[in-house]
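Colleague: Now for the letters of each chain:
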Amino acid sequence: MTKRVLIADDEPNIVASLEFLMEQAGFEVKVASDGRAALGLVASFRPDLVLLDVMMPVKNGYEVCQQLKGDADTRGVKVILLSAKGRDVEVAKGLELGADAYVTKPFSTRELVAKVKELLGT
Amino acid sequence: MSRGALAAALVPAAVALVILGVGAGFLWGDLDPREREAIGAVLTPARIGLLVLFGLALVTVLAVLGHRLFARLAAPARRLAEDVRVIAQSNAAHRVAPSGAAELRVLASAVNELAEVRSALAADVAATVADANARVEAERSRLAALIAELDQSVLVCNREGRILLYNAAAQRILGGGDASLLGLGRSVFGIVDRNLILHAVEAMERQLERREREGTYFVTATGDGRLLRVQAAPVPEQAATGADVSGLAGYVLLLVDVTESVDAEAKRVALFQRLVEGTRAGLASIRAASENLAAHPEMEEGQRTRFAGIIQEEAVRLSDLLHATTADASERLKVRWPLEEMRGEDLLTLARSRIERRVGQVTKLESVDPELWLRVDSFSLAQGLGYLARRLQEEFAVREVRFRLLPAGGHAQLDMLWRGAPLASETAFAWQNEPFTLGGEDSPLTLAQVIERHGGETWYQRDLPAQLAYFRLLLPLAEGRRGNRGRGETSSRPEFYDFDLFRRSAASEALDERPLADLEYTVFDTETTGLNPAEGDEIIAIGAVRILNGRVLGGETFESLVDPQRSLPEASVAVHGITRDMLAGQPPIDAVLPRFRRFAEDTVLVGHNAAFDMRFLQLKEAQTGVRFEQPVLDTLLLSAVAHPEQGSHSLEEIAGRLGVNVVGRHTALGDALVTAEVFLRLVPVLSEHGIRTLGEARAAAEKTYYARLKY
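Just so you know, the protein sequences line up as chains B and P, in that order.
Counted from 1, the first sequence has number 74 at position 74 by our numbering; the numbering is strictly sequential.
Counted from 1, the second sequence has number 1224 at position 224 by our numbering; the numbering is strictly sequential.
Hints are not guaranteed to be accurate.
What follows is a set of in silico ranges between Cβ atoms, one per label pair, in the way DEER data are often shown [to be verified]: (1) B/44 x P/1435: 33 to 43 angstroms; (2) P/1313 x B/86: 19 to 29 angstroms; (3) P/1193 x B/58: 33 to 43 angstroms.
Please keep in mind that the hints were generated in silico from the structure rather than gathered at the bench.
This structure is a prediction, so every number in the text was calculated from the model and none was measured.
In this text, a Cβ means the ideal position worked out from N, Cα and C, and glycines have one as well.
So here's chain P without its partners, still in its complex pose:
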């Protein structure tokens, strides 16, 4: 008997007992001794027994009535309320089963009628919304199809670097190493060097401030050593009015594999250099020797023979050089170095903010020509200047550097100046020829190489009277890129869609503080050889799917069979239908878990009865070295929190209650998909119970009875 029913029976009985007792007491007190005596004479023991019996009968009748009243009114009323909440919050198709008193049955059918009307209304609204969505969706899929068809690799990211969209070409170019790195909502930093992206974002933000949309270029290396040339184009934020452009909402990355062309270009440049310099030196010797011979006919024989020998020797060397060069050069294609055209002022801003942030030095701008446009690899240059600044600070305690950028002939002259602290020219030379390191960042390049790549020059110089020392960089100017290049007002809306992720902001707060609806989840399930991991049962399948922005990403799933390296009990085959033959040749658990961990990285794990699956995973920690340290949510526990009066919280029951179609049960991936849908429908119900953040959900789950169940 429930506590409620027990109380309903006991309370009226107790009240009756008290009334009887108190009534009898009063009556007795009111009698005078004569009357008491008379009554005492009338009350024989048999009559007292009869009276007590009568009293007990009255109490029993009241108790039974109380209990019946509870069973017919109170309990059905509570169930009714819970059913109404299910209809209101999670499953509009749910109907109340009439039970209890006639009035409650009438109320139940009235509730059902209301639910019907509500369903019909909801269907109307849904149809209208669906129609509008269909139109948006059609536009969106046209865009997606267009991008998918492009040969060029495209990635669309939001401001924080989450991937909103990618096409097949991007998957080909980036997925070569590991396909699990590329996925919707994943961070682009897993694929492209974080510093390069941040640098590009900074450059694009500066462009947007000036209402320009030039975009920026850089080159990055992939995990498997290929070089990608990346063009980043900004996606401006759209203010509510749609007219004014403010910040950067995201960006589009266009990727081209330039491994071969960059390699070819490097060789081509080296070849050209060798040819030019080799030719100049040889020609100089020939010309000088021949001019000597012509100008001095009176020359003595020995000298004459010597000059003739030089001419012959150099001529042979030149011919050989020319042969070698032409044979080598014919294959090379002309490829542009990935130098970008940018305003000189912007380059200095980037370099200065880098120095101030990473080196902690004060920087000042002495003079700059705002009309100066350069053709540069701004990332490497900013890195190089930052590196020089750091060495000045560390080795010579220089606290402030200044910059000056002016045109000088056909090139730009960029000076980094500081006061005092003269440098030996050997030291300056060494700095220019050592690979840079800055703030934990290493580059294989030296400043000399970076400058060489620009076709520029650099050297160290002192201005004694002014007590100044400086590094001077000569850099190429951008051709025909002077004056205002802004594209003016951006009046038309760019053709971008309402990708919800654009609105996401980086999670600075702890995960526990984050709303459930905002988190990324990996919903997973395992199949096993049995129920006792501690006694040698093993995982034979893992299936998982990701949830992002309240949507199950059906296209991004993880599914793997696992060779358990032990026998497979018949009883378990009956549950999951996986046979010995199917497991032959599958990878062992130590190969599968690292892949699964990567798939689930940075997400919250969700499982039905997750404690069971987690136990299997934990027992493998020592063997595989793979730990799952992220938070875990259990749909079984969450369902018990959401609907405490319901008897069963099996996956089928919950799914039925919440209107989730159950297909493909008892395959790991099938169960994971059902669990994912169930989880998504539980989130709003939990929110009605005041459970909105991850921390609150975990705390509530722990409190439920089921949490005490241990595997």
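The following block holds chain B by itself, in its conformation from the complex:
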């Protein structure tokens, strides 16, 4: 069965690449441009993994992650935080809040895809 990936980021330029990458890797992809929309899509689209930008309008990535991991229904959804914030305390916060991986921008597309596949077991 095709795995589903949700991309949540408000920067269209990075979304274009992420969308292309995930489709090329054979996933079904949907895009949200803020935190609340992302939570809505998690409920309707039921993704297996979310690529979550930290700095987003309405609800930031930390909050979305905490909410996903705090809810028994969505705890199983893998979360990769993508962030332009790269200090150790920010990384620690992301992982403490339950993210499965924290990737600092800029990143290697090859490694990102590898990480996604690893988390999804494909």
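Go by the hints and put chain P onto chain B.
Modeller: For chain P alone, coordinates are given in the frame of chain B:
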């Protein structure tokens, strides 16, 4: 005639009359009827008249003798006693003028001889003391000169925050707004936020307990909006042996104006953040797009054009960002945030005592690594934790919070935990982003900002199995600051002098209970257009000087001419020598009184014939809104209490009696200075009369005759 003299005349006369009467009665009673008859025959009316006349003459002679005896013995003896007391208590140079009986004159010259010998002895002692004092004073002035020369602003305060010493640089940095706030013996709380000082004092006390003298840092804003970085260094109390250090006697504050540098630093940090984050995001887009292009040569044309467009667009944005940043950044200097290095355990102690005192919550320590040193702004952090605790208590009835502080990677992890009461993440987020208020204290900062300033992170989390919820703070560690940093035994005496104020303790008791010698005074005098304030006379000059610790502070005076906004009678010009021209352009009374009130704040007012000056001030209350509610002492009344037998209590007379040099009379400041000296010499005399506290002095003054004199 005085009551004493009257009694001296009347008592012997009355006694003689009684003796004569009783004697005659007895004689008459002892006679048998025959003898009575014989005497009755002898006593013709003329002879009886003669006998009565004789009796009256005897009585008169006795009365005159009694009166003369009083005038020559008793009255001079009383005066002599009072003169001896003046010599003994207030003016050793005073001499007795011989008067009265020869024996008393001899006694008077003997007293004068004794006074001479005593003066000579006192002079010897004074010379020895002066020599010793001169040496101490020389050391003290070397220290004062050293501090005065420093470019850095220095304030020395005692434990209660009274200023013992300040230098010119401190006056420049703090006096900008209002010079009258800075003065010896004044409270430093008038200049620096009380909470910050108390916080620093608490931190320094903890350091002293561990025999450390690191001092502490904080930043405060002045009245005119500048930021000062303050370094507080403790002055330990010296035990009698001089060896062991116990509590905090006071502290030294070093002040640096960091308004510009803090501002620059804030911008620099923001700039750096913008650059880093802006670059990361842009680079991420470029890298992903280019890697896509490289990895998928078979990509269709539309997609290819899109990625190429992204690369170009992001590259232009990055270049612009870089240009803007470098142009902006070149001016910024690297300045350290005023973060202090402190033991994590101490931070928790400060935060806990704040929460227990201000919020009334129970706090517990779950686990703490005692070797953990942090680099923090402890005041803001303690404020922030206190704020969270208060909201937990008010909104979720949480009665107990616990703390845990452990190392985690390259930073410290501080948790504030509580049981039950889960929080919505939105609520936690909102709390972190609202400015704190705590116990009437407002801060413009939010917890998020405070944490950001530390380069840390904070979030709210729940531990469901343990039914615990907590706020976690990631805080920076102090570099190379692990292990014992104590400086060991403080064996050498710190170079501090015996500033008497160090020994003062805060006045918890009411002013009335305080000894006269301990109080702070503002001695003042006014010059006026005339003597009748109710009929339109006005103040034209106010002069004042402060007394602290039994010393007139000649360097801290208040002097102002006042435009009375009315004509100036010639007769008054003859008294005070102030002319119309001198008053032109001077401030009116409503501008001068508020300044004077500030100068006299928290002190007892002293004036000579103060009722007169107070009447003028009271009549201005309605117009200026300035009330003087502190206690007032009057040297005229106090002198009458101290020396009731002396006829005059004019300022000149008292000054002469007490050996005070009179200079510059009839200028407000000149009179205030004389009054101040007079007052200081009256205090020990009053003490001999059993008048030692302010309350006793006020009660005694009220009782004197002069108190009934009203203006």
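Colleague: Compare the structure with each hint and give your call.
Modeller: Here is how each hint holds up against the structure:
{"no.": "1", "hint": "B/44 x P/1435: 33 to 43 angstroms", "result": "38 angstroms, holds"}
{"no.": "2", "hint": "P/1313 x B/86: 19 to 29 angstroms", "result": "23 angstroms, holds"}
{"no.": "3", "hint": "P/1193 x B/58: 33 to 43 angstroms", "result": "38 angstroms, holds"}
Violated hints: none; the structure is consistent with every hint.
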